[in-house]
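Number of protein chains: 2
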Amino acid sequence: MLSRQKGAILVLSGPSGAGKSTIISAASDEIGEYYFSISTTTRAPRMGEKEGRDYFFVTKESFEEDIKAGNFLEYAEVHGNYYGTSLKPVNEALQAGKLVIFDIDVQGHRLVRAKMNDITTSAFITPPTLSELENRLRARCTDQEDVILKRLENAKDEIGAVSEYDFIIINDSVEEAAEEFVIVAKAARLKYSKETEDQFIEKWLQ
Amino acid sequence: MLSRQKGAILVLSGPSGAGKSTIISAASDEIGEYYFSISTTTRAPRMGEKEGRDYFFVTKESFEEDIKAGNFLEYAEVHGNYYGTSLKPVNEALQAGKLVIFDIDVQGHRLVRAKMNDITTSAFITPPTLSELENRLRARCTDQEDVILKRLENAKDEIGAVSEYDFIIINDSVEEAAEEFVIVAKAARLKYSKETEDQFIEKWLQ
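Residue numbers (the working numbering), protein chains in the order written: chain U, 1 to 206; chain W, 1 to 206.
Misleading hints may appear alongside valid ones.
It does not matter which identical chain is meant; a pair holds if it fits inside one copy or across any two.
[As the list claims (entries may be wrong)] Quick list of in silico lysine-lysine cross-link-like pairs, BS3-like style, CA-CA up to 27 Å:
(1) Lys68 / Lys203
(2) Lys156 / Lys203
(3) Lys60 / Lys150
(4) Lys115 / Lys194
(5) Lys194 / Lys88
(6) Lys150 / Lys203
(7) Lys6 / Lys88
(8) Lys156 / Lys194
(9) Lys60 / Lys50
(10) Lys98 / Lys194
It should be emphasised that the hints constitute simulated quantities derived from the structure, not laboratory data.
All chains should be built: construct the whole structure from the sequences, respecting the hints.
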């Protein structure tokens with residue numbers, strides 16, 4: 001294995017209700033140390049959401065200053081609220097050689113790819129069908145009807161982008177999905193940055 | 001996991017002497033059933049080489065007919081001899097859902113990518129340095145000086161192409177290299193063809 005200073009990135013996308021957190025939890029013993037990237041948002045915290053666990057909650061002014069300063073790896077404005085990933089903690093985790101896991105949408109994936117393609121692996125995690133997604137969203141009884149309908153609309157929009165991802169993980173059985181996730185996470189760690197590769201070639205030829 | 005009719009492709013490249021066969025052997029218990037693609041060539045068998053194990057040996061006329069008939073997935077002419085991969089056994093193995101492993105050069109990798117990019121994963125396997133490669137080639141005492149020098153020249157030409165590969169496996173310790181190979185082979189099996197993905201999306205939305 002190449003000795004390296006830098007870690008790697010694993011982007012996870014997929015509809016809310018796909019079971020991303022459940023899969024990560026089920027796999028966490030086997031995937032080694034990772035840093036789960038927390039997004040920053042200007043929207044108000046919802047019931048039960050916790051600062052620094054679900055999001056970093058900031059003001060619109062503060063977010064816009066960070067945009068100007070180039071402090072975001074990716075960000076987007078959705079329904080009047082900003083959502084983004086701060087570069088600093090990501091870079092710190094990468095420097096520490098960690099696998100950085102993102103739970104972001106299709107658009108966020110494109111932006112991460114554009115900036116850090118060489119060390120990025122991505123997986124789209126989804127229930128087997130749209131109607132199964134609907135069943136799961138209704139079964140958890142946490143979302144109101146309008147939120148459920150919006151999630152289903154988003155999911156329909158996003159499913160067409162699966163081919164942009166390195167892997168698709170169909171969460172039919174959590175056990176199998178977690179097994180596939182372990183493989184994907186281990187493979188993600190084997191990605192080298194262009195810089196590391198160039199150094200390797202130089203040393204190789206000496 | 002997606003149900004599918006078709007397998008996936010794993011292309012291995014890297015200098016002769018990198019230890020590709022040793023690594024595959026060391027990993028074979030863990031990577032499941034695979035089909036190792038045998039190349040077809042017009043060059044004469046060397047001492048110890050066996051028809052159907054090392055190569056399929058054919059005449060120049062027969063090879064050129066197969067080129068015209070579009071029977072090769074990839075082929076090249078090197079020093080007056082043809083080398084190529086017949087499509088038929090590859091397609092049969094893919095239809096049977098197997099992982100098809102290729103040991104081909106940088107040029108062959110490009111041609112496979114061009115035709116079957118969606119189901120292809122690739123790894124470049126190499127000793128840690130050029131001088132270590134030279135040591136290994138000399139230690140095995142099977143090649144004459146001119147062959148060794150040609151292999152080293154080829155290796156120098158090919159190492160610059162590592163960034164075209166999904167993974168680089170540095171064969172420093174066989175054990176570690178085999179562990180990485182297992183991850184790469186398992187990840188390769190999770191690749192879906194564009195066709196499978198399109199069918200999935202269609203079914204997903206119903």
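Evaluated hints:
no.	hint	in the structure
1	Lys68 / Lys203	neither (39 Å within a copy, 43 Å between copies)
2	Lys156 / Lys203	between (48 Å within a copy, 12 Å between copies)
3	Lys60 / Lys150	within (24 Å within a copy, 63 Å between copies)
4	Lys115 / Lys194	both (12 Å within a copy, 25 Å between copies)
5	Lys194 / Lys88	within (20 Å within a copy, 36 Å between copies)
6	Lys150 / Lys203	between (53 Å within a copy, 21 Å between copies)
7	Lys6 / Lys88	within (14 Å within a copy, 43 Å between copies)
8	Lys156 / Lys194	between (35 Å within a copy, 18 Å between copies)
9	Lys60 / Lys50	within (18 Å within a copy, 71 Å between copies)
10	Lys98 / Lys194	within (17 Å within a copy, 32 Å between copies)
Figure legend: structure checked against the earlier numbered hints; the only hint not met is number 1.
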